[in-house]
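Single-letter residue listing:
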Amino acid sequence: MAVDYQKYLDPEVLAGLEGLQLRARRIVEGYVSGMHRSPYHGFSIEFAEHREYAPGDDLRYVDWKVFGRTDKFYLKQYEEETNLVCQLLLDTSESMSYRGPDAALSKLEYAQCIAAALAYLIIQQQDSVGLVTFSEQIGALVRPSGNPSHLQQLFQVMEETPAGRKTSTGPIFHELAERFKRRGVVVVLSDLFDDVDKMMAGLKHLRHRRNDVILMHVLDPAELDFPFQNTTLFRGLEELPELLVEPRALRKAYLREFTAFIRRLKQGCRAERIDYVTVRTDRPVDVALRECLGVRG
Amino acid sequence: MSSCLVIAFGFTNLAILGWLVVAGVPLLIHFLSRRRYRETTWAAMEYLVAAMRQSRRRMRLEQFLLLALRTLIVVLIVLAVAEPYVESTGFTFVPGGERTHRLLVIDGSYSMALKNDDGKMRFARAKALARALVEESPAGDGFTLVLMSSPPQVVVGTPALEPDTFIDELDRLILPQTTLDLPATFERVEEVLSQAKTETPGLVRAEVYFFTDLGKVGWLPRFASEKTESDFRRRVRRLAKAASLAIVDVGQAGVDNRAVTDVRVEEPFATVARPLGLTATVKNFGANPLTEQAVELWVDGRKTGKQNVDLAAGSSAGVRFSHRFSSPGEKTIEIKAPGDRLEVDNRRWLALSVKPCLSVLCVDGHISAGGGATGYLTVALAPQEGKVERTRVCPKVVPESALLEQNLAGYDCVFLCNVAQFTTSEAEALKRYVEEGGGLVFFLGDRVLADRYNRRLAENVKNPTRILPARLAGIVDKKTAGLNPLEYRHPIVDKFRGREQTGLLTTPISKYFKLQVREKSNANVVLATESGNPLVVEETIGQGRVVLVATSADTSWGSMPMWPSFVPLVHEILAYAVGGQIAERNRLVGDMLEGQVLLGPPSRGAATGVKNGKAAGSMVIKTPDNRQVKLPVGYRNGSVVWTFEETNTSGIYTVSPALDTGESSDDGGSRDYAVNIDTVESDLTKLTEEQLRNDVLAGVPIEIETTWSHGETETLGPIARRGRLAVTLLYTVFGLLLLESYLAWRFGHHVQ
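Sequences listed follow chains A and B, in order. Under the numbering used here, think of the first position of the first sequence as 1, with each following residue one higher. Under the numbering used here, think of the first position of the second sequence as 1, with each following residue one higher.
Hints are supplied without guarantee of correctness; some may be wrong.
[Claimed, not checked] Examples of chain B residues toward chain A, derived with CB under 7 Å:
| no. | residue |
| --- | --- |
| 1 | R38 |
| 2 | S55 |
| 3 | A240 |
Because the hints were derived from the structure by calculation, they are not lab data. Owing to the predicted nature of the structure, the values given are computational and were not obtained by experimental measurement. From the three backbone atoms N, C-alpha and C, an ideal C-beta is built for every residue, glycine too.
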């Protein structure tokens, strides 16, 4: 009897699976079984540039069509440079550990699943994928590689990286923009609870370095719906104060504030041609994956 | 009426206001809810803090508003239960200044004569409170007045718009000493309300105030049938719809009382020949025993005897007196058991005529030298003839032809023995005589024509001269084996019980008329033959009594006249036959008195009698409260009669012919009547508020005001409005509850 891999797209089912590797494989298998088109299509190899032939260059890369038109030797540059390089930026700050009453996975666990699944897909496509975990500073940085054994390292880093305290995305994005020598696709998985202006400045820097940026805004359903009824003491994460409130009386004002925050993010992303995807942790993972890959298609 | 505006707020149930502390409950719940909360970690704190910063002021305002509303709701509920009221003068609180018809119903039962601890009579207190209500009512209101008695009296039936005029009527009101007829009172009240609505449409609202001591006896009526009870309850509900009802309780609970409930003479007539025995019954209605309660006998205003009696709580005892009258004439007997605050039931009167001897007319249908039909009878009636001082009965024998020549009113009893038949005039005279209290005894015999008797004297109930208690069916010519006393139930044979030596049961009767007693008649069989045929039958007709003996008074139809039982039987028949005279002259408060004017030689100066075939002149009645009322006389069935209906006070009423001057004649011809109270009202047990609300006036909104605790102050606000204030408050509460629900929803408390 065939295994129904699609059930592994449900966060409830995923939460019952041990280990990120297993979760990633199940997600991809479930995802692929539900697709009609190749998921690799989105990651087509791009032509980078020509350069003039120099003595010692490998003649296999001479572009003979250009020679036919111009009588000049040009080499096609695509050997290493034309491989897709994807950098996964995973927020491991304290706020990402939140799991609301209606969610099976915390935001970090959910983000890890998506990151792992993306890494799995990219490696299978023979492209390179790297990983950066961050909170108030960069936690772990795994350089991109297309080697299948590289996946194990990524999973291990994601699972073992300790959660940080606060989020400080702005400086980190600036730093990473400088560090990433090769342009590629940068996928940010974060709840983005940070100073929006500084964060957008960092993202702008990444874009400036000709990276394609996909912002996957991971949010718990409780943060989006604020379903609390009774008097509740909210204990703030990331060193924020606690607050005793009557949720029903405050819901409207909270949703107004939160919607404004998301609106600002979307506006910023649109301005910088950054792809913005809202990821609810109570939805099947393939929805988030499809939206992520879809924007690249 | 005061012209300055005085407004006072008050509460009927002041103690309820203690519940106002409950108003703190919403506040307490609010603070307790702040202490009980859930905890959760929260990532998006920045936005929650921002929302809080924005909404803090609004949320506090909303919370304060809801708290204030909830507290106000509790406060208003407590206030409504406490029944707030407004007392005012010169100003009306009634919406729109509606003019009001106030119907004042004052309890006229004699228990209202009781003096409360403050020495003031309940009736006086009720009048004072009614007066205060009238004086404090706004100008333009109308007032009517009903006296709650038996029967109820509509004193002011059309709304009086002038308070002074109404108060004059109120002041003149006299306690009638009757019992209380609650169903009839409510009927009158409904009529007055209905009439006022028609006659004075300007009086938009109606309020009915009952000023009463809430005596249980009067307020818990025993209904004759389920229909009368359901009629009463329907009427109460109609009244409650037509008007606001309020009861002003002027009584005091737990009051002891004793009463002389009965005075009974042992013989139905009194003569100077021998002492009269009488028994007074005294009852202790209180919850405490009475020791050595004095019971006094007064004859013609002089105390002639006194005895002491011990009475346990709730018990009664009979006290026997014996009195020998030294002279004949009208006598009044009074029994007194003094000592409590309700004096009206501590006295009881008896009026009777003491005679040298009882006048008996014996009409003989077969006079003969051997004594005729009445020979044995006259001997039996007056066995010691000649010894006047010991003779109690003075018989006079006349032939049947002389019947119409006799002034029957001068006789206490008429014996008709073996009279063959009666003319119409004779039948009418006998009928009139009986109806006015005379005693009539028929002995039959061989001359009696049964058909004539039946047609003239019996026939049917519509026969205008019907006086026979049974029809004569035919002669039974068979010696009786014995007589059946029918368990000695009837007073005539009661004294034979246990006295077999008198030979009543073995009385030899060889012939008698078979008597047919009509079904559902008031006739009673006194004595029957062994075979079950009625031998002696009696019936009360009008105020007199008729006794029919089926056999003869002589020895032609048996040896009865010679039997030992004959003399006592004749005397018992006589005593019973004249017993109606005592009843006629001893009545209850509210009963009508009536009597016949004796047409003897005119008194000096008296002008009452028959002139030119018509009644002329008048009588004068002297009431217990020393009023003299002139009574016109009338001609009825050949007699000159007078009537008097205003027997509202207990005591002795003396009727005498009026002189030309209009004064009463003192030289004979007067007759005393004793009027006593019905002592059911002597039980002063009060109706509880629960009984009033749940039984008598079940399902009807009514205000109850107890004025007893008010002491000397006689004030009373328009209490029927108090219910309106409470209802208004409850409507407000209802509105506030709706508002609270809406606001709570609006403020997001109930939005998911």
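Now for the hints, and whether the structure bears them out:
1. A cut of 7 Å between beta carbons decides the hint on R38 (chain B): the least distance to chain A is about 5 Å, and the hint holds.
2. A least Cβ separation of about 4 Å between S55 (chain B) and chain A falls short of the 7 Å threshold, and the interface hint therefore holds.
3. At a threshold of 7 Å, the smallest CB-CB gap from A240 (chain B) to chain A is about 47 Å, leaving the interface hint violated.
Of the numbered hints given earlier, the model fails hint 3 alone.
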